[in-house]
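Colleague: Top to bottom, those sequences are chains A and B. Counted the way this note's numbering counts, the first sequence spans residues 1 to 587. Counted the way this note's numbering counts, the second sequence spans residues 1001 to 1170.
Source of the hints: derived by calculation from the structure; they are not laboratory data.
Result set (DSS-like, lysine-lysine): computed pairs, CA atoms no more than 30 Å apart in a straight line: (1) K1049/B x K135/A; (2) K233/A x K301/A; (3) K184/A x K1069/B; (4) K301/A x K1069/B; (5) K135/A x K1080/B; (6) K1080/B x K184/A; (7) K190/A x K1080/B; (8) K1168/B x K184/A; (9) K190/A x K1168/B; (10) K184/A x K1049/B; (11) K1069/B x K190/A.
Across the chosen pairs, the derived CB separations fall in these ranges: (12) P79/A x D1017/B: 28 to 36 Å; (13) I387/A x K1080/B: 47 to 55 Å; (14) E346/A x R1033/B: 39 to 47 Å; (15) I387/A x V1045/B: 58 to 66 Å; (16) D1017/B x I110/A: 20 to 28 Å.
Glycine residues also receive a C-beta, built at the ideal position from the N, C-alpha and C atoms.
Here is how the chains run, residue by residue.
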Amino acid sequence: MANQRMTGAEIVIKALVDQGVDVIFGYPGGAVLPIYDALFQQDKVRHILVRHEQGAMHAAEGYARSTGKVGVVLVTSGPGATNCVTGLTDALMDSIPVVCLTGQVPTHLIGNDAFQEADTVGITRPCTKHNYLVKDSNDIARIIHEAFHVARSGRPGPVVVDLPKNVVVNQGTYQTPAQSRTKKYNPQVKADIARVEQAVELLAGAKRPIIYAGGGVINAGPAASQLLASFAKLTGYPVTLTLMGLGAFPASDPQFLGMLGMHGTLEANYAMHGCDVMLCLGARFDDRVTGRLDAFSPGSKKIHVDIDVSSINKNVRVDLPVVGDAAYVLEDMIKVWKSRQYRADEAALKAWWATIDGWRKRDSLRYQPSKDIIKPQYALQRLFAAIKGRDDVFISTEVGQHQMWAAQFIGFEKPNHWLTSGGLGTMGYGLPAAMGAQVANPKALCIDVAGEASILMNIQEMSTIAQYRLPVKVFILNNQYMGMVRQWQEFFFGGRYSESYMDSLPDFVKLAEAFGAVGLRATKPEDVDGLVKEMLDCPKAVIADVMVDKTENCYPMIPAGAAHNEIKLGPEGGVTSSVNDEGMVLV
Amino acid sequence: MSNPVNERRHTIAVLVDNEPGVLARVIGLFSGRGYNIDSLTVAEVSAEKTQSRITVVTRGTPMVIEQIKAQLGRLVPVHKVSDLTIEGPHVERELALLKVAGTGEKRVEALRIADVFRARAVDSTTASFVFEVTGTSDKVDALISLMMPLGLVDVSRTGVVAIARGPKPL
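Go ahead and model the full structure; you've got the sequences and the hints to work with.
Modeller: Have a look at this one:
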């Protein structure tokens, strides 16, 4: 049976099966009809028919994030491929492993402006980790195996394989993953031990340490999160997480300071500002995290552990770069700490925690409760109260205020349960991502915390959800504004709400019904608990339309171009005044 | 925003798989991230391994140069990135073809200067020469500026190729 001849389309399917793929998300079209025909004649790979290719990409991302496996997408040439560009860029920014198979016009027509032709490898070159145009049926298997290897190794990312129609129609020879093993891409996972020893020595001598961890810890596998918890226990040091890193350290742990950054907690941001040794694990000093660069954590020695060399010294100069996979590095750090019998400086650490507890007491996530209108924070607190303690809950979000509130008010104990578009900030991400997570975890509770504006960007996926009877829950915090845009317009543009109010929104309850789902609505604070219960008890898909305060702003906030210690906790003192001209040009 | 005081010219050698799109990947990286390219050359150097060598001359602050190397290094078809400027002594050469048109005294003077620069005439007509010159970019620049008033009408330069001195390969 080895090396048997088969059509290119059959090779594609066999390669997917040998890569352990059980589900792909896709949409057929002319150039991929042979692959769809091969798909029809087998039962090992399940195909989920989305309603828009962008939905397929985000669903594959949700699948990948919630399982740690590579997500797979199959789309046609031209518009099929270009519709994937946003999802590919999203996966690149957030380091999500996805393999996207795109159809292409036959090789002899490439360059002729043929029907549904697009220069897919040209268009996707800057938004993929790598991409391939397959020109020979004999290369299909090798390239697909290599694509999976590239997507999941090192810093994960999206890979496109462009498959011209004649290449999938013609016969070729199959190669197994073992036969296609490549030497060419093998990133370093184990760090230089001397660097690790230096890092541990620096950390052991710290008086005001902080561990700042991000999505790299989650990408390093669940073991990395456990090792992070062990290292934190061993040292007693405080931990903060980036938006991407939520779940890498238990939110309920007393050593957890909450998320840091623009809408992070006061204690996390002040601790970053005032620390003397910072251990950055699999995070990349993003502008949403650092605030003004020249005022970022001015007095600290910085250790940066990252698998991607290009992330080190990109934004912030660090004192000790350590290149390696977070799990390997943490394992080595724990070994070194134990074998050298390091002890944290108890007195200094006690004083540091006392300072941190002082910041904590200011309760930076507090908000003005109301008896008459639903505060979005309140709605999320009630949702969290209802799901707390369950380990089968996956939360995705769209992008905007609701995303930040979800990050602040929903606690994650484990990695891979929080699915949000961090780097690219893609509105319309949450619904397909929750759908992908639900496909991967059929028994789990998958909730998309959404805004009424974002949800409309990929609302068509409700139809996919109906087709596969996926019990996805959509929890809309409906304030009838693009909330984050409105907030910035209030703070920085004199309250001129240019095009941020949405008139003529659909009736989301009826919309749910139109898609065969259940629609619920809450307009008063006392309705929220009932709505949440009904939503969670419902065996079907639900759209819950929660009418919240239209003008609520998301705090704490570090205005663009400001430093961590210039964080604003609420309207008192004003946000506007702290922004200078340089800050105004920042996003 | 840029601080020219801190900026320095670096010659970077990159060994890549000679596959379609590899040059576009490298150029796209430079344009997409806003790095400068002063010159760039590429050609296959190992037929059996199908590898090409790209020599890129760029400029930037130490932090930017470090980024450029790291970004190049993480491209999948890239095997090796070597910063010749900081990794020890190296030789840089550029080849240029200069077309000088004219007659009479200027024509004689052009030949005389070409001789000083060890440039060879590789084509001649009664009204023109094409000179071939090899050397550092500075030498080529110097010859170009001298030929300018003598009827220089066309220049074609290869850009810099470079290699480290001593027995070690890239």
